[in-house]
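> The primary structure of each chain is shown beneath.
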Amino acid sequence: MRSHLSSRALWRAVIFLVASLSIGCGTVRNPSLERARDAYQKARQDPLIVRNAGAALDRAQLTLETAEQLWAKERDVNEVEHLAYIAEKRVEIARVTAERRQAAEELKQGGGRP
Amino acid sequence: MKQNKIVYSTGHLNRRTQAAGYVSLAFVALIFFASCSTARPPTAILRNAELEVRAADEAKADELAPADLKNARDKLARAKQAMAAERYDDARRLAESAQVDAELAGAKADARVMRQAADRILKKGDAPPSDAESESRKPLSPSPKME
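Protein chains in written order, with numbering that gives the first Met the number 0: chain Z, 0 to 113; chain B, 0 to 146.
It should be emphasised that the hints constitute simulated quantities derived from the structure, not laboratory data.
Treat the hints with care, since some could be wrong.
Stated by the list, open to error - Footprint (simulated), chain Z over chain B, 3 or more residues, beta carbon under 8 Å:
(1) 50-57
(2) 95-102
What the hints assert, rightly or not - Label pairs and their calculated CB-CB ranges:
(3) B:Tyr21 with Z:Leu9: 56 to 66 Å
(4) Z:Ala71 with B:Glu85: 28 to 38 Å
(5) B:Val112 with Z:Gln44: 24 to 34 Å
(6) Z:Asp45 with B:Arg53: 28 to 38 Å
(7) B:Arg119 with Z:Asp37: 31 to 41 Å
(8) Z:Arg50 with B:Ala116: 19 to 29 Å
(9) Z:Leu16 with B:Gln17: 32 to 42 Å
Just so you know, these numbers come straight off a predicted model, no measurement behind them.
The beta-carbon is built from N, C-alpha and C at its ideal position, and this holds for glycine as well.
Looking at chain B on its own, in the form it has when it is part of the complex:
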């Protein structure tokens, strides 16, 4: 009778340890698959972001769109840190954000250069004729003051 009880209790223990084993196995598998889904380092995305920051730099964004370029640089640095820490999802998001910030910085710089050039030309083209218009109605000469 006593022996029976002991046998029963060890069986019970076995079943419990077995269950615990399954649970821990499932847990390990879960961690494994979870890490698999984020285990790809976003190397290409990071390099693209780096190139975009360089392009913005070359477009003189540090003068013409400094806030956006700073955003891009900060995020790129944080992306590299996340990459080093193997936080690949964070690294990818930061690099993608850095890239779009750099793209915006470059676009702003280009737009400002073009706007300044247009304003300069339009002023050049408009101002003398407006002086000349008081004298002659058709300002064909580029420098009416010479006349």
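Bound conformation, chain Z alone:
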């Protein structure tokens, strides 16, 4: 009876351990990485940014991909949060660059007028 109980407890512990490990390996989320991904996807859907600052947006994508790979492989929280910050700022740079080019375009068209 006693051994039966303890083996049941052992099984439960094993199942719990395996379950928590598989959850840990599968879907641990990193909030700053998700924020960066959201910002990037929003920018990717903005035709003004894609048209006027495609290269800047691609740089953001590159950093984001590096962060995602590092998160999947190594779970290096410090480095991933750092790269997520860089990616988010690169998205912002792309947005601002697009705004500048838009203004330059308006200036060119407006300046052409008498």
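Given the coordinates of chain Z, work out where chain B should sit on it, guided by the hints.
This is chain B only, laid out in the frame that chain Z set:
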């Protein structure tokens, strides 16, 4: 019999000290390799960050994007402190962050200058014709009020 026991116990002690020796050796090696992986001072990254902050400064980011420029400057200062303390990973991350903050500050400053210029030109180009449009439908003259 007694002697045997003593021999046994010293042998046992030897084995323990040997094990402890191996463990401490492994520990020292671990520390050595760990320090090796971070022992490269990120000098170039720090200099790049410095240049980017200077570029943002030259783009008048202190007037047009002061918060981002301040971020960049603060991080650059902290990167230098980390560098001095030989915390090279921290120094690298701070310098990279400072660089991207400075880049953003410069980009914002450039965008604002361009936006102001565009608005000024468009106002100049738009306002007089809108006055003139009530008088003549084709405002070709730059100063219709002179007419």
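> If I claimed the Cβ atoms of alanine 71 of chain Z and glutamate 85 of chain B lie 28 to 38 Å apart, would that claim hold in this structure?
31 Å, holds
> Taking the CB of valine 112 of chain B and the CB of glutamine 44 of chain Z, does the distance hold inside 24 to 34 Å?
Since the Cβ atoms of valine 112 of chain B and glutamine 44 of chain Z sit about 28 Å apart, the hinted range of 24 to 34 Å holds.
> Measuring from beta carbon to beta carbon, are aspartate 45 of chain Z and arginine 53 of chain B in 28 to 38 Å?
31 Å, holds
> Does the Cβ pair tyrosine 21 of chain B, leucine 9 of chain Z satisfy 56 to 66 Å?
33 Å, violated
> Given the hint of 32 to 42 Å, check if leucine 16 of chain Z and glutamine 17 of chain B actually sit that far apart at their C-beta atoms.
35 Å, holds
> Does the Cβ-Cβ separation between arginine 50 of chain Z and alanine 116 of chain B fall within 19 to 29 Å?
21 Å, holds
> Note whether the CB distance of arginine 119 of chain B and aspartate 37 of chain Z lies within 31 to 41 Å or breaks it.
36 Å, holds
> Would you check chain Z against the segment 95-102 of chain B, counting CB to CB pairs closer than 8 Å, and say if three or more residues qualify?
Holds: 5 residues of the segment 95-102 of chain B have a Cβ under 8 Å from chain Z.
> Three residues minimum, CB to CB under 8 Å: does the segment 50-57 of chain B make the cut for coverage by chain Z? Let me know.
That given contact is violated, which follows from only 0 residues of the segment 50-57 of chain B lying within Cβ reach (below 8 Å) of chain Z.
In this structure, the earlier hints numbered 1 and 3 are contradicted, and the remaining ones agree with it.
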